[in-house]
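Novice: Residue numbers (the numbering used here), protein chains in the order written: chain A, 5 to 136; chain F, 256 to 645.
Don't take each hint at face value.
To be verified - Taking beta-carbon pairs under 7 angstroms as the criterion, some of the chain A residues facing chain F (in silico):
hint: 1; residue: 42
hint: 2; residue: 57
hint: 3; residue: 65
hint: 4; residue: 70
hint: 5; residue: 72
hint: 6; residue: 73
hint: 7; residue: 84
hint: 8; residue: 94
hint: 9; residue: 109
hint: 10; residue: 117
hint: 11; residue: 120
Please keep in mind that the hints were generated in silico from the structure rather than gathered at the bench.
The beta-carbon is built from N, C-alpha and C at its ideal position, and this holds for glycine as well.
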Amino acid sequence: MTEVSAAGQGVERQYATHLAQGRFMIQQCAACARHVFPPRELCPHCDEDQLAWVAPSGQGTVYSTTTVARKAEAGGDYNVALIDLAEGVRLMTCVAGMDPATVCIGMAVRTQVGEGKDGPRVVCVAIAGSQG
Amino acid sequence: MNYRHLRGKTAIVGVGHAGLGEAPGYNDMELLTRAAHAAVKDAGLRMQDIDGIATSSVSASMWLMSVVETLGVRPTYIDGTCLGGSSFMSYILAAAHALESGQCNAVLVCYGSAQRTSALGRGVITNARKVLDPQPYEAPYEPMNPPSSYALAARRHMHEFGTRREHLAEVAVAARAWARLNPEAYSRDPLTIEDVLAARRVSDPLTVRDCCLVTDGGGAFVMTRADRAAALKQKPAYILGSATAVWNRQISCMDDLTVTAARQSGALAFDMAGCKPADMDVVQLYDAFTINTILFLEDLGFCAKGEGGAFVSGGAIAPGGRLAVNTNGGGLSCVHPGMYGVFLVIEAVRQLRGQAGARQVADAHLALAHGNGGTLSSQSTVILGTADTL
Ligand SMILES: [Zn+2]
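The whole structure should be built from the sequences, with the hints applied where relevant.
Specialist: See the structure below:
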């Protein structure tokens with residue numbers, strides 16, 4: 005567990021710094037023990053401000069999914085998904101490495117840090133053999 | 256908290272619109288001004304009588320001051336809250352408080368957008384908003400918003416309740432059938448379920464026919480206290496109940512994509528009005544996307560959660576169906592200039608006055624108008640009634 009730096013940076017910057025170093029981090033509240041994402045200054049569950057960065061297990065399940073239509077010359081269709089992590093938080097991401105139309109609700113996925121258009125981002129890959 | 260004493264104490268006494276559909280050569284403020292003028296005139300008032308202003312814009316953060324300056328009024332009451340499309344309904348309860356307390360005597364709620372024909376392209380506005388109002392935890396995935404957020408909700412609803420693609424299409428087809436009765440509606444060509452399914456894909460499962468129009472248009476309405484309303488030109492539409500609820504902004508921060516904050520706003524509005532969904536003669540629901548109508552029918556209590564798809568089947572919300580929903584043709588087929596909320600109120604008022612022409616619902620005494628904003632983020636419900644419902 006990495007303690008929150010008191011060095012005067014907001015959580016958005018801290019999150020981005022972790023991500024730039026290849027780490028996907030979420031927060032955990034020292035007071036109520038619940039996990040928090042997206043990053044917050046205050047725990048939205050108990051309003052305490054002692055939120056520490058923790059590395060999630062990376063295990064998740066697709067909560068919902070959509071295929072965004074895009075012209076082939078612009079890169080073709082792509083996936084946008086909401087993933088529920090084992091820690092009980094949800095994030096928007098995309099399931100990579102497969103036909104976007106075959107991503108389905110309930111599918112088991114694992115997070116990894118990938119390179120996006122504007123820098124590093126969290127993407128997901130399906131766990132082999134998982135059924136939607 | 257109890258504001259039931261406000262039931263029936265205020266009324267909408269004037270409505271107006273301008274430039275519905277395409278208004279080339281006009282800007283947002285000009286369309287707003289034309290609509291405001293029409294609404295004030297409709298009430299039999301003068302702009303000098305207006306001492307309350309409520310308005311917002313999707314692009315200008317200090318819009319209200321520009322509106323006050325343009326209209327030349329000196330308001331004692333202002334509300335510039337922006338909750339997206341539902342803003343114009345959210346103004347109603349606050350205005351009722353202000354009118355009843357004597358802070359003001361006539362509130363003008365107004366909106367205008369030249370979104371369709373504006374020289375300033377939508378791409379420019381979208382990019383500016385990304386900078387001025389960032390959503391850094393969603394933006395890297397390039398959701399095509401708003402459609403992708405509603406597509407995620409639709410997909411989840413289909414998964415949990417067996418809602419079918421055809422159910423969503425029913426909503427668009429019903430809206431179009433109403434629009435065909437409304438000479439002011441923008442899209443009036445025949446539309447079938449097959450047409451909706453075969454239309455251009457946008458963000459699966461939604462096609463372009465599941466998505467609202469992009470039009471120009473201005474809309475406005477005027478509220479006064481009930482005692483004054485009765486002496487004015489038009490038959491008043493009394494405010495019986497209203498409430499607004501916000502639970503989240505981003506779709507990724509919504510707890511359950513099948514349950515909206517309309518559950519809260521609807522319950523509070525019905526409680527204040529002292530009536531129930533089955534009492535409603537006509538219903539206007541913010542149909543930015545076809546899934547909205549299904550979600551709001553459920554969350555407002557017209558049917559049980561998960562049964563919205565079945566509820567709309569077989570033309571049940573089309574003309575001649577079991578419930579008159581979106582009688583102007585809605586955001587899907589009538590008009591949708593960026594934020595649509597004000598037009599829901601205008602149509603509800605026209606139905607209660609009996610001025611809706613070929614689409615008039617017989618004996619309409621109680622009307623519900625429900626607004627939505629953002630990506631299923633804000634919900635605002637208003638229940639209106641004629642004098643015999645007081
Ligand atoms: Zn906590």
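Novice: For every hint, state whether the structure bears it out.
Specialist: Okay, the hints, checked on the actual structure:
1. 42: Residue 42/A check passes; min Cβ-Cβ to chain F is 4 angstroms, inside 7 angstroms.
2. 57: violated (15 angstroms)
3. 65: Not OK, violated: residue 65/A not within 7 angstroms of chain F, min 12 angstroms.
4. 70: It holds, given that the least Cβ distance between residue 70/A and chain F is near 4 angstroms, below 7 angstroms.
5. 72: holds (5 angstroms)
6. 73: Nearest chain F Cβ about 4 angstroms off; hint holds.
7. 84: Constraint on residue 84/A satisfied, holds at 5 angstroms.
8. 94: holds (6 angstroms)
9. 109: Since the shortest Cβ distance to chain F is 5 angstroms, the answer is holds.
10. 117: violated (11 angstroms)
11. 120: holds (5 angstroms)
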